[in-house]
Amino acid sequence: MLSLNDLQKQFVKGLHTESDEILQCIHTTTKLSPAQQIGIYQSSVIGAKQKTLKEIYTTCNKLVGEDFFVAMINEYIAKKISTSPDLADYGENFSEFIIEFEPAKCLPYLSDVAKLEWAWHKLFSAATTKGLNFEKLAECYVSSGENIIFHLPPSCSLITSHYPIHRIWELNQDDYVGEQTIKLSEHELYYFLVWRNDLKMRIDLLDSITWHVLFLMQTRKTLGEIINELNQKFPNSDLTQILTTIVDKKWLAGFEIKS
Amino acid sequence: MQQKDLGLCGVGIGLRPCHYAYIEKEHPDSNWFEVLSDNYLCEGGASLTHLEKVRSTYPITLHGVGMSLGSTDPVNMDYLKKLKSLIKFTEPYLVSDHLCWTSHDGNYFHELLPLPYTEEAIMHVANRIKLTQDYLEQQIMIENVSSYLSFNHSTLTEWNFLQTVAEEADCLILLDINNIYVSSHNNEFNPYTYLTELNTKRVAQFHLAGFEDKGTHLFDSHNAAVHLSVWELFIQAVKKFGSLPTSIEWDNQIPDFLHLQQEALIAQTFMENYAVSK
Chain A
1 MLSLNDLQKQ FVKGLHTESD EILQCIHTTT KLSPAQQIGI YQSSVIGAKQ
51 KTLKEIYTTC NKLVGEDFFV AMINEYIAKK ISTSPDLADY GENFSEFIIE
101 FEPAKCLPYL SDVAKLEWAW HKLFSAATTK GLNFEKLAEC YVSSGENIIF
151 HLPPSCSLIT SHYPIHRIWE LNQDDYVGEQ TIKLSEHELY YFLVWRNDLK
201 MRIDLLDSIT WHVLFLMQTR KTLGEIINEL NQKFPNSDLT QILTTIVDKK
251 WLAGFEIKS
Chain B
1001 MQQKDLGLCG VGIGLRPCHY AYIEKEHPDS NWFEVLSDNY LCEGGASLTH
1051 LEKVRSTYPI TLHGVGMSLG STDPVNMDYL KKLKSLIKFT EPYLVSDHLC
1101 WTSHDGNYFH ELLPLPYTEE AIMHVANRIK LTQDYLEQQI MIENVSSYLS
1151 FNHSTLTEWN FLQTVAEEAD CLILLDINNI YVSSHNNEFN PYTYLTELNT
1201 KRVAQFHLAG FEDKGTHLFD SHNAAVHLSV WELFIQAVKK FGSLPTSIEW
1251 DNQIPDFLHL QQEALIAQTF MENYAVSK
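In order, the protein sequences belong to chains A and B. According to the working numbering, the residues represented by the first sequence are 1 to 259, in order. According to the working numbering, the residues represented by the second sequence are 1001 to 1278, in order.
Note that these hints are calculated values from the structure, not bench results. Since the structure is predicted, the reported quantities are computational estimates derived from the model, not experimental observations. Among the clues, some could well be false.
Stated by the list, open to error - Short, incomplete list of chain B residues facing chain A, as computed with Cβ under 8 Å: (1) G1007; (2) H1104; (3) F1109.
Even for Gly, the Cβ is constructed at its ideal location relative to N, Cα and C.
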């Protein structure tokens, strides 16, 4: 008789069709063989992951069509286990998988669309922050302005792409009405901020300088370091104006003073 | 562990996102809502905002699928930490999960996998339930799952296993009537024997849902109204265990809220007509 641990180990091998040893432990019924019985669980395990990926990557699904998408996620499911009890955590590295998925190589923007959809999915339920304490910021700015490290809210994500993925995404929304064509350019780099404004999700196309300022903040650079880097890379930039925009848009959640 | 005063009665309805707008606008009659805890273990956003609104008007219970109480993996304390925060946030009347395993070797299957009904499994699961209850500072309910197979080396019946685990762990039982029916059909036992031989005062809630007949087996699909045969079994359960809180589960092809209210009304009528005073 198998121990509980060994039984579960063999059951998992049976689910993944790596071994049929578990079949000897299963009672045969009048209607189903042990293999058919474990097949019911196999279908449910795969079905739960398929459903989740379909819900997260709706635009990718529309872009490639149901048959292609199902074939793609089935290969992903076969390769990637779920390591979280929360099914909503499954599918994080789908965009990287798409890059390596041979049949999708003729769709170079697909991976970036998946990256956008994953950001949207995760930020939807990210922590809510209270926003900046301006009074305290004003005090700290006077005493140690250059050592301030700004914090972006957890409900925002910075993305770049060589493709207008925001337009690709927009056109594939059920309620979209408007221009139906998209000009794809492989040479231009698009800068995006995916974020949640209170409960409303947004995808903003940013200019490269604003995106870089936010990126430097995200990598915990001090205000002094940001000023130096901007002066080197974008000497004509107006940081005051950029910071005003960032504050107005509520893209800052807090700050600290570098010790 | 102290059993808390349940303070919950009548039939409740499973809270689903497609009904948020209707519930928040119309405040429909429902004794309480059963909340799928795993959908709210996040840190912010719309789901928690809706939950807060519902909780401000209705009593709730938390029902989860992620404890993996039967797994031989270490208990996932990160999961329990999040659940404990949700319990603090929502102050539910009851907290429940399933008598099954959902993970092995760090691999999560998101499916309620069956246990063998053995002494080893009893002690293993009971110890994990005790640890869970101690950490959550909350008595929990364990639910019987729908199963599509049974193991040759089980030495107990499912109902004996369920009852013994609950007694060993000092926890409560969420008796899913649909699951009894589905499992009895698939594993070829008499569902009424299950109810007759389950002799415990630990049953604290009933579940009702719809199944799908796949020809070779019944599937616990939660995509249909409660079947007549399950209603009949429910009447027997009410006669034996009394008028316990009962919830209607519907997870796929979810109808409008009024339809769920009708299901709840049927359950309420059966409870009022058949329950014996306890």
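Cross-check of the supplied hints:
The beta carbon of G1007/B comes no nearer than 29 Å to any beta carbon in chain A, farther than 8 Å, and the hint placing it at the interface is violated. Interface hint status for H1104/B: upheld, as the beta-carbon distance to the closest one in chain A is roughly 5 Å, under 8 Å. Below 8 Å, beta-carbon pairs count as interface contacts, and F1109/B has one with chain A at about 5 Å; its hint therefore holds.
In this structure, the one hint that does not hold is number 1.
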